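S.K.: Just need the whole structure built from these sequences, with the hints factored in.
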Amino acid sequence: LTREAFELYFAHLKDDGIIAIHISNRYIDFEPLILAVIKHFNMKGIGVKITIKSQKNSDWILVTNNKIFLADPAIVSSGKTLKSLKEVKLWTDEYSSLWKVLK
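Offset between the sequence shown (1-based) and the numbering used here: plus 220.
Hints are computed from structural coordinates only; laboratory data are not their basis.
Computed from a predicted structure; not experimentally measured.
It is possible that part of the hints are untrue.
The list that follows gives simulated cross-link-like pairs (lysine-lysine, DSSO-like), each with its CA atoms no further than 30 Å apart [claimed, not checked]:
1) Lys320 with Lys309
2) Lys303 with Lys276
3) Lys303 with Lys234
4) Lys303 with Lys269
5) Lys323 with Lys309
6) Lys276 with Lys264
7) Lys300 with Lys276
8) Lys303 with Lys323
9) Lys323 with Lys269
10) Lys259 with Lys269
11) Lys287 with Lys300
12) Lys273 with Lys303
13) Lys234 with Lys323
14) Lys287 with Lys264
15) Lys273 with Lys323
16) Lys300 with Lys320
17) Lys234 with Lys287
18) Lys287 with Lys306
19) Lys264 with Lys323
20) Lys273 with Lys309
21) Lys234 with Lys269
22) Lys320 with Lys259
23) Lys300 with Lys323
24) Lys306 with Lys259
25) Lys273 with Lys259
26) Lys320 with Lys269
27) Lys300 with Lys264
28) Lys234 with Lys273
29) Lys323 with Lys259
M.R.: Laid out in structure tokens, this is it:
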């Protein structure tokens, strides 16, 4: 989840591509970290919760600049706006801190 990792991901992603990031975790709040990535790379993101019978919920963030995808009624109705009360510094290969993202 570092700047350098996302530089590599985005280098291989098509212009209308989507990166799906699984953020379900009992102890770590990944949303502010992904918001820092989205802001740094001038991307858009939407949160989605997937519920499958007899399984726990699964939280994801979809990162893209695909305006058609983001305007799709199915995505709009099932997605949530990303927001966080915490602001964290973008992680890099040289810097990361779990303290800011612990729940």
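S.K.: All the hints need checking, so say for each whether the structure fits it.
M.R.: Quick rundown of the hints versus the structure:
Of the supplied pair hints, the one linking Lys320 and Lys309 holds, its CA atoms being roughly 9 Å apart against a limit of 30 Å. Restraint check for Lys303 and Lys276: satisfied, since their Cα atoms lie roughly 22 Å apart, inside the 30 Å limit. Between Lys303 and Lys234 the CA atoms are separated by roughly 26 Å; this keeps the pair inside 30 Å, and the hint holds. This hinted pair checks out: Lys303 and Lys269 have alpha carbons roughly 15 Å apart, not beyond 30 Å.
A C-alpha spacing of about 16 Å is found between Lys323 and Lys309, which places the hinted pair at or below 30 Å, so the restraint holds. Between Lys276 and Lys264 the alpha-carbon distance is near 26 Å, which keeps this suggested pair within the 30 Å criterion. For the proposed pair Lys300 and Lys276, the alpha carbon gap of about 18 Å is at most 30 Å, so the pair holds. Restraint check for Lys303 and Lys323: satisfied, since their Cα atoms lie roughly 15 Å apart, inside the 30 Å limit.
Taking the CA atoms of Lys323 and Lys269, the gap is near 18 Å; set against the 30 Å cutoff, the hint holds. Restraint check for Lys259 and Lys269: the C-alpha separation of about 22 Å stays at or below 30 Å, so the hint holds. Only pairs whose Cα atoms come within 30 Å are accepted, and Lys287 paired with Lys300 is accepted, the gap being roughly 16 Å. Proximity of Lys273 to Lys303 is assessed by CA-CA distance (about 27 Å); at most 30 Å being required, the pair is judged to hold.
For the given pair, Lys234 sits about 34 Å from Lys323 by alpha-carbon distance, which is inconsistent with the 30 Å threshold. For the suggested pair Lys287 and Lys264, the alpha carbons sit about 9 Å apart, so the restraint of at most 30 Å is met. The suggested pairing of Lys273 with Lys323 holds, with an alpha-carbon distance near 26 Å, which does not exceed 30 Å. With a C-alpha separation of about 22 Å, the suggested pair Lys300 and Lys320 falls inside the 30 Å cut-off, and the hint holds.
Using a Cα cut-off of 30 Å, the hinted pair Lys234 and Lys287 holds, with the two alpha carbons roughly 13 Å apart. Taking the CA atoms of Lys287 and Lys306, the gap is about 27 Å. The hint holds against a cut of 30 Å. Distance restraint check for Lys264 and Lys323: the Cα-Cα separation of roughly 24 Å lies within the 30 Å cut-off, and the hinted pair is therefore satisfied. Between Lys273 and Lys309, the direct Cα distance comes to roughly 37 Å. Violation of the 30 Å bound is thereby established for this hinted pair.
Restraint check for Lys234 and Lys269: satisfied, since their Cα atoms lie roughly 25 Å apart, inside the 30 Å limit. Taking the CA atoms of Lys320 and Lys259, the gap is near 17 Å; set against the 30 Å cutoff, the hint holds. Simply put, Lys300 and Lys323 have alpha-carbon atoms about 20 Å apart, close enough for the 30 Å limit, and the pair holds. Restraint check for Lys306 and Lys259: satisfied, since their Cα atoms lie roughly 14 Å apart, inside the 30 Å limit.
Taken as a hint, the Lys273 and Lys259 pair is broken in the structure, with Cα atoms around 34 Å apart against an allowance of 30 Å. Only pairs whose Cα atoms come within 30 Å are accepted, and Lys320 paired with Lys269 is accepted, the gap being roughly 23 Å. Pair hint Lys300 plus Lys264 holds up; C-alpha atoms about 12 Å apart against a cutoff of 30 Å. The suggested pairing of Lys234 with Lys273 is violated, with an alpha-carbon distance near 33 Å, which exceeds 30 Å.
As the CA atoms of Lys323 and Lys259 are separated by approximately 22 Å, the hinted pair is consistent with the 30 Å bound.
Violated hints, in rising order: 13, 20, 25, 28; the structure is consistent with all others.
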